[in-house]
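There are 2 protein chains.
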Amino acid sequence: MPVLVMKFGGTSVATLDRIKRAAKRVALEVAKGYDVIVIVSAMSGKTNELVGWVNETSPLYDAREYDAVVSSGENVTAGLMALTLQEMDIPARSWQGWQVPLITSSAHAAARIEDIPNDNINAKFAEGMRVAVVAGFQGISKEGRITTLGRGGSDTTAVAFAAAFDAERCDIYTDVDGVYTTDPRITDKARKLDKISFEEMLELASLGAKVLQTRSVELAMRYHVKLRVLSSFEEPSDNAGTLVCDEEEIMESNVVSGIAYSRDEAKMTLVSVEDRPGIAAAIFAPLSEAGVNVDMIIQNIGEDGLTDMTFSCPTDQVLRAQKALDAAKDSGALVFQELIADTNVAKVSAVGIGMRSQSGVAAKMFQTLSDEGINIKVIATSEIKISVLIDRKYMELAVQALHDAFELEKAS
Amino acid sequence: MPVLVMKFGGTSVATLDRIKRAAKRVALEVAKGYDVIVIVSAMSGKTNELVGWVNETSPLYDAREYDAVVSSGENVTAGLMALTLQEMDIPARSWQGWQVPLITSSAHAAARIEDIPNDNINAKFAEGMRVAVVAGFQGISKEGRITTLGRGGSDTTAVAFAAAFDAERCDIYTDVDGVYTTDPRITDKARKLDKISFEEMLELASLGAKVLQTRSVELAMRYHVKLRVLSSFEEPSDNAGTLVCDEEEIMESNVVSGIAYSRDEAKMTLVSVEDRPGIAAAIFAPLSEAGVNVDMIIQNIGEDGLTDMTFSCPTDQVLRAQKALDAAKDSGALVFQELIADTNVAKVSAVGIGMRSQSGVAAKMFQTLSDEGINIKVIATSEIKISVLIDRKYMELAVQALHDAFELEKAS
Numbered sequence: 001m002p003v004l005v006m007k008f009g010g011t012s013v014a015t016l017d018r019i020k021r022a023a024k025r026v027a028l029e030v031a032k033g034y035d036v037i038v039i040v041s042a043m044s045g046k047t048n049e050l051v052g053w054v055n056e057t058s059p060l061y062d063a064r065e066y067d068a069v070v071s072s073g074e075n076v077t078a079g080l081m082a083l084t085l086q087e088m089d090i091p092a093r094s095w096q097g098w099q100v101p102l103i104t105s106s107a108h109a110a111a112r113i114e115d116i117p118n119d120n121i122n123a124k125f126a127e128g129m130r131v132a133v134v135a136g137f138q139g140i141s142k143e144g145r146i147t148t149l150g151r152g153g154s155d156t157t158a159v160a161f162a163a164a165f166d167a168e169r170c171d172i173y174t175d176v177d178g179v180y181t182t183d184p185r186i187t188d189k190a191r192k193l194d195k196i197s198f199e200e201m202l203e204l205a206s207l208g209a210k211v212l213q214t215r216s217v218e219l220a221m222r223y224h225v226k227l228r229v230l231s232s233f234e235e236p237s238d239n240a241g242t243l244v245c246d247e248e249e250i251m252e253s254n255v256v257s258g259i260a261y262s263r264d265e266a267k268m269t270l271v272s273v274e275d276r277p278g279i280a281a282a283i284f285a286p287l288s289e290a291g292v293n294v295d296m297i298i299q300n301i302g303e304d305g306l307t308d309m310t311f312s313c314p315t316d317q318v319l320r321a322q323k324a325l326d327a328a329k330d331s332g333a334l335v336f337q338e339l340i341a342d343t344n345v346a347k348v349s350a351v352g353i354g355m356r357s358q359s360g361v362a363a364k365m366f367q368t369l370s371d372e373g374i375n376i377k378v379i380a381t382s383e384i385k386i387s388v389l390i391d392r393k394y395m396e397l398a399v400q401a402l403h404d405a406f407e408l409e410k411a412s
Numbered sequence: 001m002p003v004l005v006m007k008f009g010g011t012s013v014a015t016l017d018r019i020k021r022a023a024k025r026v027a028l029e030v031a032k033g034y035d036v037i038v039i040v041s042a043m044s045g046k047t048n049e050l051v052g053w054v055n056e057t058s059p060l061y062d063a064r065e066y067d068a069v070v071s072s073g074e075n076v077t078a079g080l081m082a083l084t085l086q087e088m089d090i091p092a093r094s095w096q097g098w099q100v101p102l103i104t105s106s107a108h109a110a111a112r113i114e115d116i117p118n119d120n121i122n123a124k125f126a127e128g129m130r131v132a133v134v135a136g137f138q139g140i141s142k143e144g145r146i147t148t149l150g151r152g153g154s155d156t157t158a159v160a161f162a163a164a165f166d167a168e169r170c171d172i173y174t175d176v177d178g179v180y181t182t183d184p185r186i187t188d189k190a191r192k193l194d195k196i197s198f199e200e201m202l203e204l205a206s207l208g209a210k211v212l213q214t215r216s217v218e219l220a221m222r223y224h225v226k227l228r229v230l231s232s233f234e235e236p237s238d239n240a241g242t243l244v245c246d247e248e249e250i251m252e253s254n255v256v257s258g259i260a261y262s263r264d265e266a267k268m269t270l271v272s273v274e275d276r277p278g279i280a281a282a283i284f285a286p287l288s289e290a291g292v293n294v295d296m297i298i299q300n301i302g303e304d305g306l307t308d309m310t311f312s313c314p315t316d317q318v319l320r321a322q323k324a325l326d327a328a329k330d331s332g333a334l335v336f337q338e339l340i341a342d343t344n345v346a347k348v349s350a351v352g353i354g355m356r357s358q359s360g361v362a363a364k365m366f367q368t369l370s371d372e373g374i375n376i377k378v379i380a381t382s383e384i385k386i387s388v389l390i391d392r393k394y395m396e397l398a399v400q401a402l403h404d405a406f407e408l409e410k411a412s
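Protein chains in written order, with the working numbering: chain D, 1 to 412; chain E, 1 to 412.
Where hints are given, some of them may not hold.
Stated by the list, open to error - Not the full set, but computed from the structure, chain D residues with beta-carbon under 7 Å of chain E:
1. LEU16
2. TRP53
3. ASP62
4. GLU65
5. SER72
6. ASN75
7. SER94
Rather than coming from a laboratory, the hints here were simulated on the basis of the structure.
A quick note: this is a predicted structure, and the numbers were derived from the prediction, not measured.
Built from N, CA and C at the ideal position, the CB exists for glycine as well.
Assemble the whole structure, with the sequences as input and the hints as a guide.
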């Protein structure tokens, strides 16, 4: 029988009633003839509670024990979901990560999936089991210790199972009904997309549209797993949600598919660094070693052998970046006058695969912001994305204006 | 190094502060030179919450899923305890049941321990680990499914580890400071016992004095594991608590050691069953198959080839007993007029190894109850115990009167 993977996030399994609601959706797919693999998150709030306990017990915790503790939330939901399905007369059982086994690297709290042998579960499907409920987010290392995949890892679990079982589709049930042209809380003109390409979804996910974990989209793209994002709070329908798929499957689309934003970006400026070959490496090597995720980089035109270098990084990494650069300065590896951190900025991005073939998108974006009197601090572009850093107070205005300018309220 | 097993119950690990307090006790024993195996329960309330969810989801649940869900509470505590010990610079790690592995039968929700290979943990002790924190109450079946040992199973886990690792002693930390002549909440004359024999403890445990799980005492008796029950809320001392040990180690004791009671017993009466050979088997075989724990049994004197059969069972098994007997009736294997369940009863028992050599204990017990105007509904006796079923409303009165009559407030 064809296999379908269905993943239910924390809010979709937050109570016994919601688990029942989710189980009814599973039942619909079983009735259509699918063998279903259900991936569940912990009931919402549970993982945060467990992480809080670990942090309070041991601020610099042993990640192996962290994993042993925080993985327990998913085990509870998996068992309850299996029981709920059994009550509906659907043959089901739960699987914990180590039972599958979902084999991962030993990078505790941020493990990578290495293998998902499908023989155990397939043997049960062959015996008549119709639903395998798998605890998301967790696996087992070669040392036999429990691992977790990092926050949001259940999305990645779901996609990995879809790939391992050659599933027809991977449905991600969450508390939003799909991927929007932008955040509907910022403009009510935001429109749900029926389809979006993996590439666009990746940009949107990494730019702060937190519908799917970035790794899950990467994995889906690599294994050509059709991914559908949909709400577990809406009536079931075949056209619900947004399908994330290969570009080729999308016939037509707007030049710009969506406007993303992020408040968690800080602008860092190194004033008066030497303008010499190798200076970029001298700056960014220590940042990389310190684990700072540098996003945008611009170098000003130099004068008198000196220049300013600006980059952006997540706000919660500002202290780490300052420490790393000060250390480089103290060691003599880097000379600069001062480091200015501006955390009062926001990043706004236009994303769309149509940009590849259409010129003038950047010009239109800059003109729109200029018409609103919004000053651009930093610009970065890729093949399918243009990002700008602006004052945070203009963020909502910028999103609304760009959404209008690219006419995203209209389907192509 | 000598091994000590320390078990901490739910109230002893109910909060992060209490886990820290328990860890300090572990540290004291490590400092004395012990390698310690710590068995932990779930934080108090957690298991009840999980059991509640399972019951609400599926009243006649698949016990394999029940086990997968309810075992998660202990995993959390084990990880947190290991982290707490690590913070105190004590080399420690957590083990879930399947990691040890603690191998059990496949009788889910009531599994029997079959084997505890000690090589994994001993290898870690040899490498310098000083404390193995083991999640209590759980194991793994030969089919690779998680099992649990039944409520209070962490005591049994502790004793089994003490036997498997040839431990010097097994200390059970709980919220009471030892075994009392009766429940101190019922009479303030209740007195703590310094020592009690395995046999007496067995009767007290099985009769509802819920200090230790019955099976843990059976196991301790079989393997001569010295068991100490003590409070984790009192100052550490070498003479704390009650030592449960072989009869030979107890020099003197009262005829009656304690008065136990249980509110969780129901009286079931089968009215007008055939009075013929094989009728007891026809009644109790289906009950046994349905997993009903029948305790007391009495058969009335028959008339006209019919008789009434009365038995007691835990109140939460009444529905199951009714179903099993109705099914036997429907199949024609058993004929009876009606089944009356009386859940408004309580069991009160006098227990003491002294009864073996002393007569008149039963007479004194019945006279005492009669003097208080308490009617006895069912009587059952063993070598070291006399139990009666009475109206629940008289339970406290009965316990107080018997405690006085046998002068249990005085040490022998």
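Hint check results:
1. LEU16: Because about 6 Å separates D/LEU16 from the closest Cβ in chain E, which is inside the 7 Å limit, the hint holds.
2. TRP53: Holds, because the Cβ-Cβ distance from D/TRP53 to chain E comes to roughly 6 Å (cut-off 7 Å).
3. ASP62: 6 Å, holds
4. GLU65: Since the shortest Cβ distance to chain E is 5 Å, the answer is holds.
5. SER72: 4 Å, holds
6. ASN75: With Cβ-Cβ at 5 Å, under 7 Å, it holds.
7. SER94: Hint on D/SER94: holds, closest Cβ of chain E at ~5 Å, below 7 Å.
Hint violations for this structure: none, all hints satisfied.
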